[in-house]
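A.B. asks: Residue strings, one per chain:
There are 6 protein chains.
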Amino acid sequence: MKSDRYQRGLKKLIEMEGSMGKEVIRKMEEISPDFAQYLVEFVFGDIYSRPGLDLKTKEIITLSSMVTLGTAPLQVKVHVNTALNVGCTEQEIIEVMLQTIPSAGFAAAMNGLLIAKEVFDERKNK
Amino acid sequence: MKSDRYQRGLKKLIEMEGSMGKEVIRKMEEISPDFAQYLVEFVFGDIYSRPGLDLKTKEIITLSSMVTLGTAPLQVKVHVNTALNVGCTEQEIIEVMLQTIPSAGFAAAMNGLLIAKEVFDERKNK
Amino acid sequence: MKSDRYQRGLKKLIEMEGSMGKEVIRKMEEISPDFAQYLVEFVFGDIYSRPGLDLKTKEIITLSSMVTLGTAPLQVKVHVNTALNVGCTEQEIIEVMLQTIPSAGFAAAMNGLLIAKEVFDERKNK
Amino acid sequence: MKSDRYQRGLKKLIEMEGSMGKEVIRKMEEISPDFAQYLVEFVFGDIYSRPGLDLKTKEIITLSSMVTLGTAPLQVKVHVNTALNVGCTEQEIIEVMLQTIPSAGFAAAMNGLLIAKEVFDERKNK
Amino acid sequence: MKSDRYQRGLKKLIEMEGSMGKEVIRKMEEISPDFAQYLVEFVFGDIYSRPGLDLKTKEIITLSSMVTLGTAPLQVKVHVNTALNVGCTEQEIIEVMLQTIPSAGFAAAMNGLLIAKEVFDERKNK
Amino acid sequence: MKSDRYQRGLKKLIEMEGSMGKEVIRKMEEISPDFAQYLVEFVFGDIYSRPGLDLKTKEIITLSSMVTLGTAPLQVKVHVNTALNVGCTEQEIIEVMLQTIPSAGFAAAMNGLLIAKEVFDERKNK
Chain A
-10 MKSDRYQRGL KKLIEMEGSM GKEVIRKMEE ISPDFAQYLV EFVFGDIYSR
40 PGLDLKTKEI ITLSSMVTLG TAPLQVKVHV NTALNVGCTE QEIIEVMLQT
90 IPSAGFAAAM NGLLIAKEVF DERKNK
Chain B
-10 MKSDRYQRGL KKLIEMEGSM GKEVIRKMEE ISPDFAQYLV EFVFGDIYSR
40 PGLDLKTKEI ITLSSMVTLG TAPLQVKVHV NTALNVGCTE QEIIEVMLQT
90 IPSAGFAAAM NGLLIAKEVF DERKNK
Chain C
-10 MKSDRYQRGL KKLIEMEGSM GKEVIRKMEE ISPDFAQYLV EFVFGDIYSR
40 PGLDLKTKEI ITLSSMVTLG TAPLQVKVHV NTALNVGCTE QEIIEVMLQT
90 IPSAGFAAAM NGLLIAKEVF DERKNK
Chain D
-10 MKSDRYQRGL KKLIEMEGSM GKEVIRKMEE ISPDFAQYLV EFVFGDIYSR
40 PGLDLKTKEI ITLSSMVTLG TAPLQVKVHV NTALNVGCTE QEIIEVMLQT
90 IPSAGFAAAM NGLLIAKEVF DERKNK
Chain E
-10 MKSDRYQRGL KKLIEMEGSM GKEVIRKMEE ISPDFAQYLV EFVFGDIYSR
40 PGLDLKTKEI ITLSSMVTLG TAPLQVKVHV NTALNVGCTE QEIIEVMLQT
90 IPSAGFAAAM NGLLIAKEVF DERKNK
Chain F
-10 MKSDRYQRGL KKLIEMEGSM GKEVIRKMEE ISPDFAQYLV EFVFGDIYSR
40 PGLDLKTKEI ITLSSMVTLG TAPLQVKVHV NTALNVGCTE QEIIEVMLQT
90 IPSAGFAAAM NGLLIAKEVF DERKNK
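Residue numbers (this note's numbering), protein chains in the order written: chain A, -10 to 115; chain B, -10 to 115; chain C, -10 to 115; chain D, -10 to 115; chain E, -10 to 115; chain F, -10 to 115.
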């Protein structure tokens, strides 16, 4: 029996990421079911389910944070997709990357833009 | 004679940060006039003057990036102030910090919240 | 009504950090009650309450991670205290810092050692 | 004539990493023999040869530090192998990754888990 | 009509990086023409065009910074090439990497050396 | 009896940092004599004693790396002093900070410049 937080998180995850999100969860369940559960419950059931900011703004915050880290190309890819799913335009995602130049530097922003382009192209070719 | 980019950047800086921004520029001019010029021209004249995202969203991106870095408490303080100046509520700034927990960790978000509280209190006591 | 995870987390927090931990929670509740709740529920109720590793090993992992980040001096201070509370000796804490030199560099380890010394001295003078 | 520190370091390296460790040294000797020497002498002859913590605890510290960095996937892979060699179970390695979530974030821990899984599978298929 | 800063930057970029630099600009123009413009104008037209340090020293600073970041393998590759173009020897580049060990750690320096070797080999095989 | 590497390192440390360097070693010996020994032997006896780059270039590399880290203000302060001791001018140190803007971002460079200014002023007032 999954917790209410899990149910809420899974619903939010599917709303935001669709089958791609479910695939991430399935893959992580193979390695560590508890990690997968924390991801659904805490990240999606607690944090992304908060009121106060709309999903588009939340994805913009996540993209900015992950592009700044520079260590999470896989996750940037997922969140560029998610950002598009929740209503960001391609140009807005590019603007997020450009806005990180002053704080995170040109290399971080460039690597973010290269991943964004990859996602834009993949979605066009589907 | 200052460039057009400088004029545009200084106007944007004052619009966003008021006297606090001018004070930062004055302080940096003492150390390196060229750094101060790049800050005005590139960060404010080029990046913050871009169309495509409103100032509130730009400040949210900057806050997320700087809280994630964790190395810029001085700049987080300035940008919490700036975010309030351009229309963010205190609660929205807190939401930005909470939204960075999954990517940047609890310590980064906690340190961001502690600085935000400091700014909120300072503004109340003025 | 607090959740079971909160009850379990608070008990774990007090077991590990005593009044210092409660003070952190009280301070964060002033800024963001939800952050304080996530800290108790997720960090202490979920992660620190996991079986599989003893509390001493968990604190060693946390110290290594936070010394490597280099951005969380406040939290390193809390966790040096906590490590001592759950059975680490001062020498073991110093060994953790020395073991981070190859991966995190001399400056990170040195800053960790300086904080550890501060905590050791404070506890002696109480 | 190699120094005593080199002899001690090489013995420790082989004890911990076996042929994989020797291969890393051979590869680095091609690029910079001095780097290879520092790695053997300082990292293995000085740091990993210290008394005070057992090898298993040292590997746990290294894994926590490198997963937190997020910039060293190659080295995380080597050290997941080494951790298994010195007595960590797969489940304990997974616990290390989970314990880094609060400080290093979900993306760092997830990337650590993905590498751990890759190593676990490679060792099963040998 | 491109600005004077763009003209100066493009000339500096070609002086330093040749066709490889032009290829980077072309690629980034496809994703975000404004990013490409900032790269030419600000990074090459403003920063790399400054008097005060020779190009070799500037590339050494950039390599040290990017190896320390650890998040920019693509850019380290470009700048190892550029460093060789502006007069660094292979051995000097290796020395830069070794000099980052104390501050950035062995993993960062090792990853820098592995990329340097890759560039050295590619240039030999051309 | 101290090793040859220690003797060579201590001589190099004193050549570069004078009484300030000896004070750092004395302070670290109080916390962890082994850390102090590694610092003298490895950092100064091995790395800073290498031929191939002059001391001025080595300090420029260290400053770039530490400003990029952003987590070592204490060490940046020591190395700004050291850079001046080994022949860098104040303007050259400022140039190093400006050259890190593209890779490390404006906040990192600004924080480096603020520390540099502090050191310049202290040395003027002595």
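Honestly, the hints are just simulated from the structure, not real lab data.
Source: prediction; values computed, not measured.
Errors might be hidden in some of the hints.
When chains are identical, the list treats them as one kind, so a pair holds in a single copy or across two.
As the list claims (entries may be wrong) - Mimicking DSS-like on lysine-lysine, the simulated pairs with C-alpha atoms at most 30 Å apart in a straight line are:
#1 Lys115 - Lys(-9)
#2 Lys106 - Lys(-9)
#3 Lys(-9) - Lys16
A.B. asks: The structure should be examined with respect to each hint, and the outcome stated for every one.
C.D. replies: Hint check:
no.	hint	result
1	Lys115 - Lys(-9)	neither (34 Å within a copy, 37 Å between copies)
2	Lys106 - Lys(-9)	between (37 Å within a copy, 25 Å between copies)
3	Lys(-9) - Lys16	within (18 Å within a copy, 33 Å between copies)
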